[in-house]
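K.L.:
Using the supplied hints, reconstruct the complex from the two chains, each of which is provided in its own coordinate frame.
The residues making up each chain are set out below.
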Amino acid sequence: MEMKEQVREPDFVLEIRHLRSSFFTRRGEVPAVNDVTIQVPRGKIIGIVGESGCGKSMTAKSVMGLLKYPGRVVSGEILLEGRDIAGMKERELRKICGNEITMIFQEPMTSLNPVIKVGKQVSEALLLHHRELSRAQAREQAIEMFRKVGINEPEKRYDCYPHELSGGLRQRVMIAMAMVCRPKLLIADEPTTALDVTIEAQILKLMKQLRDEIGMSIIIITHNLGVVAELCDYVYVMYAGKIMEQAETFELFDHTAHPYTKGLMDSIPRIGSNAEHLHTIPGVVPNLLHLPKGCLFSNRCPYADDRCRQERPELYQVSQQHCARCFLLEKTGEEAEAHG
Amino acid sequence: MRIFLKRLAGMLVVLVGVVLLLFIMLRIIPGSPVTTLLGERASQQVIDRMTEELGLNDPLFMQFLRYVGNALHGDFGTSYKLNRPVSALIMSAFPNTVRLSIFAALFAWGVGIIAGIISAICKNQQRFRLLSSLIDRLFMGGALVGVSMPVFMTCLFLQYFLAYRVQLFPLSGFDQPLSVVLPAIALGWNSAGTVARMTRSSLLEVMQADYISTARAKGRGSAGIILCHALKNSMLPVVTMMALQISSMLSGAVITETVFGINGIGRLAVTAIQSRDMPLLQGTVIFTTILVMLGNLAADTLYSVLDPRIRREG
Ligand SMILES: Nc1ncnc2c1ncn2[C@@H]1O[C@H](COP(=O)(O)OP(=O)(O)OP(=O)(O)O)[C@@H](O)[C@H]1O
Ligand SMILES: [Mg+2]
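Which chain is which? The protein sequence lines are U and H, in order.
For the first sequence, the numbering used here puts the final residue at 340, and the numbers step up evenly by one.
For the second sequence, the numbering used here puts the final residue at 314, and the numbers step up evenly by one.
Calculated from the structure, these hints are not laboratory results.
Keep in mind the model is a prediction, meaning the values are calculated, not measured.
Keep in mind that a hint or two might mislead.
Calculated cross-link-like contacts (lysine-lysine; reagent style DSSO-like; alpha-carbon spacing at most 27 Å) [said to hold, decoys possible]:
| # | chain 1 | residue 1 | chain 2 | residue 2 |
| --- | --- | --- | --- | --- |
| 1 | U | K89 | H | K123 |
| 2 | H | K232 | U | K156 |
| 3 | U | K44 | U | K120 |
| 4 | U | K44 | U | K117 |
| 5 | H | K81 | U | K117 |
One chain only, chain H, in its complex shape (with noise of 0.2 Å):
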C-alpha cells in the first residue's frame, strides 16, 4: 500500500512537470494565438485587447498558478478556436479514444501474443516441418510488416482495401459499432507485431530453460508445459513491452483519429495545434499524460503479479 501511495505521489509530481514544462514551450514558441485567432489583419487595439483578456500579459509565474488552480477546479479554459470549454471537448472526446485505445490494445495483446505463441511452438517441434516452418514464417512475415509499416500507411491500405474494394467496414467515423475495427486494426497492427516476436522469442528462450526440463521429468506434456510452466514466465518482458506501448500508441491514435475522422483526443490535439489554442492543447496533453501513467501503473501491477521476485521485494 505505502508504494502504491509513493508511485501516485511520483505521478503527481511528474504530471505537474509535464504541465510546467508544457506551459512555457508554448510561450517561447514564435507567433501569439491572438493573431491566429482574430486573422492577420486585425487592428493593434483589437490586438491589445484581445492580449489583456486572456491574461496573457500577465507574468508566466502568474499565468501558471492561474491555470493550475482553475484546473483544480475542473476548469481548463475555454477553446480559443472552438469557443467551448476544453474540459467539456475533451469529456466528448475522451470515451471516443478510450475505447478506440482498448479495442487496440485488445488486437495488439491478443493477436501478438497468440501469434508469438503459435510461432513459437511452430518453431520448436521437430513433427510437421514443412507446415510449422510454414506458419512461423508467416506469423512472423505478418509481425514485420506491422512493425516496419508507419501507423497511416496501414490506415490508408486498410481503409482502401476493407472499406472501399471490399465493403465490409465503415470508411469513417465512429457511429456504428463495426466502425472501431479498422481503425483498431491500424493503430494496434504495429504494437501486434512486436508483441508477437517478443512472445515469440522469450518462450523460445524460456523453453531452453533448467526448469521446463524439471517439468517435463516430472511427466508434464508439452501442452501443460507452456501453459502452466513457460508462458507466465514468458510474458515477463512482453509485459514490460506493453507498458511502453501504452504511450506510443497514444501518439498513434492522433494519425488514426484524424485518417478515420474519429472525435478523439488524439483529433483534438491536432486541432489544438495548427490553431495555436494553448487552453485545449495543454488539456489534451494532461489528460494523455494522465492517461499513459495510469496505464503504466496497471502494467507496473500486472508484473508483480506475475513475478513473485518483484513482489515481496516491494
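Pulled out of the complex, with its shape left as it was, chain U reads as follows (with noise of 0.2 Å):
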C-alpha cells in the first residue's frame, strides 16, 4: 500500500492540503485563506497570483508558522516531504524554518533589523541551525553567500547596518539569508515588487540561477503576470482566498480558462497599446466578512448567470494539469474553449 503510493505520487517538496486560515475578528470571521491545495514539485518553481488581499501572504505566512493573532490556521494539512507542520509545535517549526524552508519578505526596507549588520543576521540564520559552526565560519560562509548573490565586496558589506544598503542590496542580503542553510523550499512574498524594473530582472534572474544551483523549490508570490511568464513552471491563480484557476505556464497563457485570469492577462498594459484604454476588471473585490454565496468572482463575472450567484463551482478539469473554478468549464472542454 506504501509502496504503491509512493510510485504513484510525484515527488512534492511541499504540498498544502485544504488549507484554511482565518482572522477572527470582533465583527467576525475573515476567511482569508479558504480551502487552499497547493503541490510543490522538486526543483520547481510555483507561482501564486492574484490581486492585493487575494491571501497570498497569508498563505505563505500560514506554512511559516508566521500568521500574528487574531489569525491562526484553521484547518488543513501541510506537508513537508510527507511531514505534517501544520499541527507542529512552535519549537519544532522554528527548527524547519530558515533551514528546510526559507521566506523573503515583501518589503526589502523594514524586513531587515535596523540595529543589527547584514552579514551578521545571515551568519544568524546558519548559527542557529548549525550549531557546530564557529562564529569565523558561519562568517565566511554568509561573505560566500554574498559573493554568489552578487554583492560586490562582500567583506565590506557585512560590516554594514541596513540603512547604508540600496534596496536592492537589501534584497539581496534577504537573498542570501534565505539561501544560506541550503532550504529545500524557497517561498519569496513579492521579492522585486519594491524594486526598479533593472534590479528586478537581475534578482529574478539570481533566483533561477541559485534553484539550478542548489537544486531547491521556489514559490514565487507576485502579482505580476509578466515575472510569472518569465519564472514560473507552474501557476496557481487566487481569488478572495480560494484558488481559482491552477496551470502550466504556458498552458495558462495560451488557454486561459477562468474569467478572472482572463481580467488579470488583460489587465497587463502592453507597449503600444493606448494607455487610457487600459483594461481593468471591474467592481471590487467582495469583503470577506460577507462573501456572496455563490461563485466568489460572479459580481465582477461578464460571464455570470443566476446559477453563478447562487452556487459556488468546484475546480473543474480543463486538460491535465489544468484545472479552473468556474461552470462554464463544467461541461466539456470545448465549451470552455468557446469562452474562453
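P.N.:
This is the structure in C-alpha cells:
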C-alpha cells in the first residue's frame, strides 16, 4: 500500500491540502485562506498570483507559522516531504523554518533589523541551525553567499547596517539570508515589487540561477504576470482566499480558462496599447466578512448567470494539469474553449 | 570626536546662559538678602555697610564678572546663611545627591524596563490568557500609581508603611546602608512607571515590525526574538525618555531630600531659597545644571551606541 503510493505520487517538497486560515476579528471570521490546495514539486518554481488582498501572503505565512493574532490556521495539512508541519509545536517548527523552508518578504526596506549588521543577520541563520559552526566559519559562509548573490565587496558589506544599503542590495541580503542554509523550499513573497525594473530582472535571474545551483523549489508570490511568465513552471491564480485556476505556465497563457484570469491578463499594460484604454476588472474584491453565496467572482464576472450567484463552482478539469473554478468549464472542454 | 567637542562647547554656552539668567533673576526679585540676613530690626547704617561689603552696590555687570572670575578659581562665594564656603557645602552634599539619584535611577530604569518587558510579553502571548493578562494589569496598575502620585505623597506613604508600621527601613537620614532604599524608591517610582509603560508600548510596537517576522522565519524562538531583535530597537524611545527624566529626578530630589532629611544639593537649594542666600543658590543651580547636562550627554552617547543610523550620520 505504502509502496504503491510512493510510486504513484510525484515527488512533492511541499503539499498544502485544504488549508484554511482565518482572522477572528470582532466583526466576525475573515477567511483569508479558504480551502487552498497547492503542490510544489521538487526543483520547480511555482507561482501564486492574484490581486492585492487575495490571501497570497497569508498562505505563505501559514506555512511558516507566522500568522499574527487574531489570525491562525483553522484546518488543513501542510506537508513538508510528508511531515505535517501545520500541527507542529512552535519549537519544532522553528527548527524547520530558516533551515528547510525559508522566506523572502515583500518589503526589503523594513524586513531587515535596523540595528544589527546585515552580515550578522545572515550568519545568524546559519548559527541557529548549525550549532557545529563557529562564528568565524559562519561569517565565511555568509560572505561566500553574499558573493554568490552578487553583492560587491562582500567583506565590506558584511559590516554594514541596513540603512547603508540600497533597496536592491537589501533584497540581495534577504536572498542570501534565505539561501545560506540551502533550503529545500524558498517562499518569495513579492520579492521584487519594491524594486525598479532593472533590479527586478537581476533578482529574478539570480533566483532562477540559484534554484538550478542548489536544486531547491521556489514559490513565487506576485501580482505581476510578467514575472510568472518568465520564471514559473506552474501557476496558481488566487482570488478572495480561493484558488480560481491552476495550470502549467504556458497552458495558462495559451488557454486561459477562468474569466478572472482573463481579466488579469487583459490588465497587463502592453507597449503600443493606448494607456487610456487600459483594461481593468470592473467591480471590487468582495468583503471577506460577507462573501457572496455563489461564485466569489460572480459580482465582477461578465459571464455570470443566476446559477453563478447561487452556487459555488468546484475546480473543474480543463485538461491534464489545468483546473479552473468556473461553471463554464463544467461540461466539455470545447465549451470552455468557446468562452476562453 | 569633533562632535563631542562641539557638544562640550554647547554645554558651556548653556551653562553661562543659566548663570547669567539666574544672576539677573535673583537681583530683580523684590527684597534684599541683607534684611533677611540681619533681621527686620537692623539699623540702616548696619544694612548699608553690609550691602557695601557684599558688593551689592556695584553694577550688575561688575558683580557678574566678579562672580564668574571667582567661580573659575573654584570660589563660589560664602553662604550668607550657613556662613561657610559654598563650594565646601556643595562638596559635602554632592555625594549624597549623586548616591540618591543613582539608586533612584537604577530602581526606576531597572524595574521599569523589566516590568515593561514582562508586561509586553504577557500582553502578546496567547497561552495562559488569564494569568498573563492579570500580570500585565498588575504591572501597568503599579506604573499608573507611580506616574500619577506626587513625589511627596510617595515619600510619606513609604515612610508610613515601610519605616513606621513595619520597621524595615530607617525613617530618615542617610547614614545607614539601608537609608537609601526608601528615598530611592520614592524618587524613582514616578520614572519607573513612565519607563515601564513606554517600554511596554514600544516593545509591543516593535514586535509587529517586519524584521521580527524575518527573525521568526529564520528560526529564532520567542526568547531570542525579544533579546536579540526586539529589545534594542524598543529601547530607542525609552532612552530619549530617560534623558528627560534626569532633570525631573533632580527636581524630585529636592522634595525627597527634604522629606527624608538627607543632606543633599536639593535640600541646600531649599535652604538657600528660604533665606535668599544668593551665593548658595547660584552654586546649587550651577551644579544641578552640570549634572543634568552630563546625564543628557550620557543618554545621547547611549542612544548612538544603540542606533547605528545616528552613529554614522553624526
Ligand atoms: N489582522 C487582520 N485582521 C483581519 N483581516 C486581515 C488581517 N490581516 C490580513 N487580513 C486579511 O487577509 C487578507 C489577505 O491578506 P494578504 O496579506 O494575504 O494579501 P496579499 O494577497 O498578500 O496582498 P498583497 O498583494 O497586497 O500583499 C486581506 O484581504 C485582509 O483583509
Ligand atoms: Mg502580500
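K.L.:
Taken at face value, is the distance from the CA of K120/U to the CA of K44/U at most 27 Å?
P.N.:
violated (30 Å)
K.L.:
Is K89/U within 27 Å of K123/H, Cα to Cα?
P.N.:
Distance ~21 Å between K89/U and K123/H Cα, so the pair holds.
K.L.:
For a C-alpha distance cap of 27 Å, please report whether K232/H and K156/U respect it.
P.N.:
At roughly 24 Å apart (the allowed maximum being 27 Å), K156/U and K232/H satisfy the hint.
K.L.:
When you check the alpha-carbon spacing of K44/U and K117/U, does it fall within 27 Å?
P.N.:
Violated: K44/U and K117/U sit about 33 Å apart, past 27 Å.
K.L.:
Going straight from one Cα to the other, do K81/H and K117/U come out at no more than 27 Å?
P.N.:
Measuring from Cα to Cα gives roughly 59 Å; hence the hint is violated.
Going down the numbered hints, you'll see the structure goes against 3, 4, 5, while the others check out.
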